[in-house]
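K.L.:
Residue-level listing of the chains:
2 protein chains.
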Amino acid sequence: MNYKKNPDQLIIDCHGHYTTAPSELGEYREQQKVDIKRDPLFEHVKGVIDISDDQIRDSIENAQLKMQRERGTDLTLFSPRASWMGHHIGNQTTSKYWTMHCNDLIYRITQLYPKNFIGVAQLPQSPKANLKASVAELERCVTELGFVGCNLNPDPSGGYWSSPRLDDKYWYPIYEKMSELKVPAMIHVSASCHHCFDTTGSHYLGADTTAFQHFMSAVTLFKDFPELKFIIPHGGGAVPYHWGRFRGLAEMQKIPPLEEVILKHIYFDTCVYHQKGIDLLMNVIPIENILFASEMIGAVRGIDPQTGNYFDDTKRYVDDCNLNNEQKQKIFSINTRKVFSRLDSILQKVDLL
Amino acid sequence: MNYKKNPDQLIIDCHGHYTTAPSELGEYREQQKVDIKRDPLFEHVKGVIDISDDQIRDSIENAQLKMQRERGTDLTLFSPRASWMGHHIGNQTTSKYWTMHCNDLIYRITQLYPKNFIGVAQLPQSPKANLKASVAELERCVTELGFVGCNLNPDPSGGYWSSPRLDDKYWYPIYEKMSELKVPAMIHVSASCHHCFDTTGSHYLGADTTAFQHFMSAVTLFKDFPELKFIIPHGGGAVPYHWGRFRGLAEMQKIPPLEEVILKHIYFDTCVYHQKGIDLLMNVIPIENILFASEMIGAVRGIDPQTGNYFDDTKRYVDDCNLNNEQKQKIFSINTRKVFSRLDSILQKVDLL
Chain A
13 MNYKKNPDQL
23 IIDCHGHYTT
33 APSELGEYRE
43 QQKVDIKRDP
53 LFEHVKGVID
63 ISDDQIRDSI
73 ENAQLKMQRE
83 RGTDLTLFSP
93 RASWMGHHIG
103 NQTTSKYWTM
113 HCNDLIYRIT
123 QLYPKNFIGV
133 AQLPQSPKAN
143 LKASVAELER
153 CVTELGFVGC
163 NLNPDPSGGY
173 WSSPRLDDKY
183 WYPIYEKMSE
193 LKVPAMIHVS
203 ASCHHCFDTT
213 GSHYLGADTT
223 AFQHFMSAVT
233 LFKDFPELKF
243 IIPHGGGAVP
253 YHWGRFRGLA
263 EMQKIPPLEE
273 VILKHIYFDT
283 CVYHQKGIDL
293 LMNVIPIENI
303 LFASEMIGAV
313 RGIDPQTGNY
323 FDDTKRYVDD
333 CNLNNEQKQK
343 IFSINTRKVF
353 SRLDSILQKV
363 DLL
Chain B
13 MNYKKNPDQL
23 IIDCHGHYTT
33 APSELGEYRE
43 QQKVDIKRDP
53 LFEHVKGVID
63 ISDDQIRDSI
73 ENAQLKMQRE
83 RGTDLTLFSP
93 RASWMGHHIG
103 NQTTSKYWTM
113 HCNDLIYRIT
123 QLYPKNFIGV
133 AQLPQSPKAN
143 LKASVAELER
153 CVTELGFVGC
163 NLNPDPSGGY
173 WSSPRLDDKY
183 WYPIYEKMSE
193 LKVPAMIHVS
203 ASCHHCFDTT
213 GSHYLGADTT
223 AFQHFMSAVT
233 LFKDFPELKF
243 IIPHGGGAVP
253 YHWGRFRGLA
263 EMQKIPPLEE
273 VILKHIYFDT
283 CVYHQKGIDL
293 LMNVIPIENI
303 LFASEMIGAV
313 RGIDPQTGNY
323 FDDTKRYVDD
333 CNLNNEQKQK
343 IFSINTRKVF
353 SRLDSILQKV
363 DLL
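If you read the sequences in order, they're chains A and B.
Whatever position you read off the first sequence (first residue = 1), add 12 for the numbering used here.
Whatever position you read off the second sequence (first residue = 1), add 12 for the numbering used here.
It should be emphasised that the hints constitute simulated quantities derived from the structure, not laboratory data.
Since the structure is predicted, the reported quantities are computational estimates derived from the model, not experimental observations.
One should not assume that every hint holds.
Which copy is meant is left open, because identical chains are indistinguishable; a pair holds if it fits in one copy or across any two.
What the hints assert, rightly or not - Below, simulated EDC-like cross-link-like pairs (lysine to aspartate or glutamate); rule was C-alpha separation at most 20 Å, straight line: (1) K350 / E239; (2) K144 / D179; (3) K266 / D316; (4) K327 / D316; (5) K144 / D180; (6) K127 / D86; (7) K340 / D356; (8) K276 / E188; (9) K361 / D20.
Could you build the full structure based on these sequences and the hints that come with them?
P.N.:
Quick look at the structure:
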């Protein structure tokens, strides 16, 4: 059957991680940890992880693919498991080879299910390293593996926030490469190794809020990179709920109205796991700055006893919120295809456009 | 005139700071900084700050008192300026004497305007110190100065979060004293000295979210202290917007439903500076767990161009939200009088009850 959806009616989930990888991936990581425990400066080699296509199919078909079908979403922008990026672990070579394997697995998924998954890259960040390896890996993922974006960790130290603020020149090499390749970054931290921050709660949400404030206060960043685009996940952390506070702070800082600041640069995803939260997001943030996402199968895997549906079945919330069809189409696909500007050419290649 | 309001119709702002203190207070602080710059272990003495009653009147009458009248609130639970607590500065003696002066000033305000301001204590926390000095100062403030609560800083290191989690036994001495005196604590950080966190934005809101997660995951804390009560300010940080996420995380952690967890222990204030945010708070969090507050004159001092009113005039938002009168009275005074259990006896003393 050669039935093609109206592309504006595609439902693209811009935030999914491969959280169900075969155990061989975890075993490779454990060996890395053994190696750096012996010697923190251990120079890793890439090595081989032996995972068959059938193993990948098994790990996907009863999980993310099944969920896509059940929930009626078409495709997922898919990246390695965020909490496993673990940039704080080991040294630059630890992150480099771990990241290459994680991205290679994503690539294989996109080859096995080209209409369902499109790749988004993990970057081999490391707290004490510059961004050279990340620039190289982003280039490899986009130009060789067909990926359309990346996840950028604002805090590779895992809760200690030892890196410069996101508008600092430290980050410019990756922003240059993103601009050159025309790909956006989702700002996404990984596991917290800080005793006060809980990975999928306070750490994720705190990081989202922190990233937003770096960007809103940035003086030259978006002049230096006029096409740079960032997605702030988990519905923007605390930002939409405190939109009045941030608008007020912006006024006091004499920066332009926040709607102008975010217009072409900052997008929020819909990973907010209850109807009232999604309603607020839709009521507060311009529709053009919202991208559909669920992060399934992710942090919150259960069924909400209040609704009988999965907490992370965010499509239901968007379906049920008070927007017209045109607005919903923007959120489900049109905005996402604009922000991920390489997406359309991939969609054409796999006959979805 | 001996007209007395129905006490259930009082409008009590449970979160105000003395942000307009005469310059002598700041000068004292600057001298402390000079002293500890010379010698980080400098042993301060309390010394004297020469501020007259007239100076205090000047600093209040055209500021918080005027705002109370204009906005139609009756009284404010008033504590020293939160961003100036600066627990990360200096050593234990630095914080001890600074805090005593700040609290003494609050006391004088409560004596000058006994019907308008009731004291809430700053604590002399210090990152490397135990809580002995804080326990002593809380006792002094409650038993000698008539204060009804305190502000507890979960991160006296100013953004580095070097203290144990809030359910750790490290904090038990202050919880014991709070329980003994029957006073609650508002969990409130101070200025950030961390380059990544912005004091009144990402730092405040991140801390609120972090504190909530410590409490929700606490295993024995509320068994050990069955009467302990905390207010999480700024509308609970990111928590109500992500109530679905936290409910889902609670399920995965096999802890009781969050409504049960918070019921007798965790309260959110209304320092959310736009109508839609307040509406979400009211729709998501049980009314019994919400306390009216504005934090005026605080972080956001301007007028919202979208409404023509002050961003922090939160009474308007509560007035305009979709609640009945009984619910509003709970938020404006009934809940607050329950949480601050020493409040009624003070209100009687000043003839407001």
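K.L.:
None of the hints should be skipped; say for each whether it holds.
P.N.:
Status of the hints after comparison with the structure:
1. K350 / E239: within (12 Å within a copy, 53 Å between copies)
2. K144 / D179: within (17 Å within a copy, 41 Å between copies)
3. K266 / D316: between (43 Å within a copy, 14 Å between copies)
4. K327 / D316: within (14 Å within a copy, 33 Å between copies)
5. K144 / D180: For K144 and D180, the Cα distance is within 20 Å only inside one copy (16 Å; across copies 41 Å).
6. K127 / D86: This pair counts as within: shortest intra-copy Cα distance 8 Å, inter-copy 62 Å.
7. K340 / D356: Close inside one copy (19 Å), not across copies (51 Å); limit 20 Å.
8. K276 / E188: Cα proximity of K276 and E188: one copy only (17 Å, versus 52 Å across).
9. K361 / D20: within (17 Å within a copy, 67 Å between copies)
Every hint from the earlier list agrees with this structure, and none is contradicted.
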